[in-house]
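Please construct the entire structure, taking both the sequences and the accompanying hints into account.
There are 2 protein chains.
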Amino acid sequence: MSRIAVLGTGNVGQTIAGKLADVGHEVKTGTRSDGTYAEAAAFGEIVVNATAGAASLEALEAAGSENLAGKTLWDIANPLDFSQGMPPTLTVSNDDSLGEQIQRAHPDANVVKALNTITAALMVEPALLGEETNLFICGNEKSAKAEVIQILETFGWLSGDIVDVGDITAARGTEAYLLLWIRLMGVLDTPTFNIKIVRAGD
Amino acid sequence: MSRIAVLGTGNVGQTIAGKLADVGHEVKTGTRSDGTYAEAAAFGEIVVNATAGAASLEALEAAGSENLAGKTLWDIANPLDFSQGMPPTLTVSNDDSLGEQIQRAHPDANVVKALNTITAALMVEPALLGEETNLFICGNEKSAKAEVIQILETFGWLSGDIVDVGDITAARGTEAYLLLWIRLMGVLDTPTFNIKIVRAGD
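These protein sequence lines are chains H and V, in that order. At the far end of the first sequence sits residue 1591, using our numbering, and the numbering has no gaps. At the far end of the second sequence sits residue 1591, using our numbering, and the numbering has no gaps.
Please keep in mind that the hints were generated in silico from the structure rather than gathered at the bench. The reader is advised that the hints may include incorrect statements.
Stated by the list, open to error - For lysine-lysine, the following DSS-like pairs were computed, each having C-alpha atoms within a straight-line distance of at most 30 Å:
#1 H:K1585 to V:K1531
#2 H:K1531 to H:K1585
#3 H:K1531 to H:K1417
#4 V:K1460 to V:K1531
#5 V:K1585 to H:K1585
#6 V:K1585 to H:K1531
#7 V:K1531 to V:K1585
#8 V:K1408 to V:K1531
#9 V:K1585 to V:K1408
#10 V:K1460 to V:K1417
#11 H:K1531 to H:K1460
#12 H:K1408 to H:K1460
#13 H:K1460 to H:K1417
#14 H:K1585 to V:K1408
#15 V:K1585 to H:K1408
Structure follows, in structure tokens:
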């Protein structure tokens, strides 16, 4: 079991922090209002970014590169801009991503992007869907990805359903998928869905 | 059965034109090299844009707004820019899309975006996957979407698996998904895959 920092106490942060504690980790949350980003990050052997995407770079700057160095920095945020109403746009996309921005800002952290493609409730209870679906994971460090996958397994995800899409530049794909996800949420009238990859010969 | 123009004779154009002919339509293809975009578009009651995304606006300008007016303009293209190598970027995305650019350039056409999220072979033979998967369709005119769905059914798609994601602005989502699709193609080592939406209670 590990000491894990969860930055952000919105829906995602609360859900992840609660589940991490449930499965036995020692969890400390950090928030902007309490000024506890750095304290939490210093505590964590693993740091989870569950802040809103638009606030993530600032939150992680407050957390401090020195408190993230050498650690797995699990990024769940999406760079969504709701300032113009619905549907939101992405503050960064196409040839860059929030995952990469975070990696560049904290070069000694091992950024792993995972769980950003589903709603909070599903993140910690994939069985809600009654069928196996897929998650995407990316990041530059294999060992950091393995660490996140191990935690995801304790959440109920099967490692065979977690697709490693490559280095952190693959976040361009998993973040841009949000533009489709948002449309689907609208027409399906629920955020509680995910996708399953089907390939020939499966 | 209809008279259908297929603009573009690359892999997608050839595949679609062949299948449309197989299921009984009268098909005329248009190419840039032969200068036959306008001729084909004038012939078609339905016009399919199967040109490369980077060339679509020019091809449709050559086809002529007058030859597209009042018709269903079925857009299969993706705005992919391969000029900087792999992975490609999108020439338009986030708050705009190729589908919308085409609709703006030809306001009297009824643009329907569909089939742009899968590889050519699957477009006309969904059973290759051995399992039901989902397609996305969008456009401003319900009747034009219905026309495309009817053709898709003759290709083997089940109407229940075709998700209407809304008006043509939803192309922002289905085109941006390509950024994920390309990564998946790389790690799955095949373009012959698709996604299935799974929601709670299904």
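Hinted pair, alpha-carbon criterion (30 Å max): K1460 (chain H), K1417 (chain H). Please report holds or violated. It holds: about 15 Å lies between the C-alpha atoms, which stays within 30 Å.
Hint check: K1408 (chain H) vs K1460 (chain H), CA-CA at most 30 Å. Holds or violated? holds (20 Å)
Below or equal to 30 Å on CA atoms is what counts here, so check K1585 (chain V) against K1585 (chain H). holds (5 Å)
Sort out whether K1408 (chain V) lies within 30 Å of K1585 (chain H), counting only the CA atoms. Roughly 27 Å between the alpha carbons, so the hint for K1585 (chain H) and K1408 (chain V) holds.
Run the distance test for K1531 (chain H) versus K1417 (chain H): straight-line Cα separation, threshold 30 Å. holds (25 Å)
Would the hint linking K1531 (chain H) and K1585 (chain H) be met if the CA-CA limit is 30 Å? Given that 30 Å is the threshold and the Cα spacing comes to 23 Å, the pair holds.
Assess, step by step, whether the Cα of K1531 (chain H) is no farther than 30 Å from the Cα of K1460 (chain H), and give holds or violated. Roughly 13 Å between the alpha carbons, so the hint for K1531 (chain H) and K1460 (chain H) holds.
For a C-alpha distance cap of 30 Å, please report whether K1585 (chain V) and K1531 (chain H) respect it. Roughly 28 Å between the alpha carbons, so the hint for K1585 (chain V) and K1531 (chain H) holds.
When you check the alpha-carbon spacing of K1585 (chain H) and K1531 (chain V), does it fall within 30 Å? Answer holds: K1585 (chain H) to K1531 (chain V) is near 28 Å, not above 30 Å.
Given pair status - K1585 (chain V), K1531 (chain V), alpha carbons within 30 Å: holds (23 Å)
Given hint K1408 (chain H) paired with K1585 (chain V) - CA-CA distance at most 30 Å: holds (27 Å)
Take the C-alpha atoms of K1460 (chain V) and K1531 (chain V), compute the straight-line distance between them, and say whether it is at most 30 Å. holds (13 Å)
Of the numbered hints stated above, none is contradicted by the structure.
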